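*Asks:* All chains should be built: construct the whole structure from the sequences, respecting the hints.
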Amino acid sequence: MKTSTMLLVFLLEWIVIGGMNIFAFNNNDFAIHRIVFLLDIVACAALIILIILMLILAFKKGW
Numbered sequence: 001m002k003t004s005t006m007l008l009v010f011l012l013e014w015i016v017i018g019g020m021n022i023f024a025f026n027n028n029d030f031a032i033h034r035i036v037f038l039l040d041i042v043a044c045a046a047l048i049i050l051i052i053l054m055l056i057l058a059f060k061k062g063w
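In this note's numbering, the protein residues as written are 1 to 63.
You may find that some hints are simply not true.
Claimed, not checked - So the derived label-pair ranges between C-beta atoms look like this:
(1) L8 <-> I56: 15 to 25 Å
(2) I41 <-> L11: 17 to 27 Å
(3) F59 <-> L7: 16 to 26 Å
(4) C44 <-> L8: 13 to 23 Å
(5) R34 <-> K2: 32 to 42 Å
(6) A58 <-> V9: 16 to 26 Å
Worth flagging that the hints you see were computed from the coordinates, not collected in a lab. What you are looking at is a predicted structure, and each value in this text was computed from that prediction instead of being measured. Cβ coordinates follow ideal geometry from the N, Cα and C atoms, glycine included.
*Replies:* This is how it looks when you write it as structure tokens:
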């Protein structure tokens, strides 16, 4: 998978999670809240891993 498509997927994921956050805040449903919070943590971790991998690839290729 190309890095550009990966970034597009992550952007879509962030938009979906953001929408879910708004939905959870409007409903005050703590079950939804917990699921969304877990998704937020997973997305943050995945994003950090992706950035590290991209940096490693960039240094290997010599930018």
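*Asks:* State for each hint whether it applies.
*Replies:* Evaluated hints:
{"no.": "1", "hint": "L8 <-> I56: 15 to 25 Å", "verdict": "21 Å, holds"}
{"no.": "2", "hint": "I41 <-> L11: 17 to 27 Å", "verdict": "18 Å, holds"}
{"no.": "3", "hint": "F59 <-> L7: 16 to 26 Å", "verdict": "18 Å, holds"}
{"no.": "4", "hint": "C44 <-> L8: 13 to 23 Å", "verdict": "18 Å, holds"}
{"no.": "5", "hint": "R34 <-> K2: 32 to 42 Å", "verdict": "34 Å, holds"}
{"no.": "6", "hint": "A58 <-> V9: 16 to 26 Å", "verdict": "19 Å, holds"}
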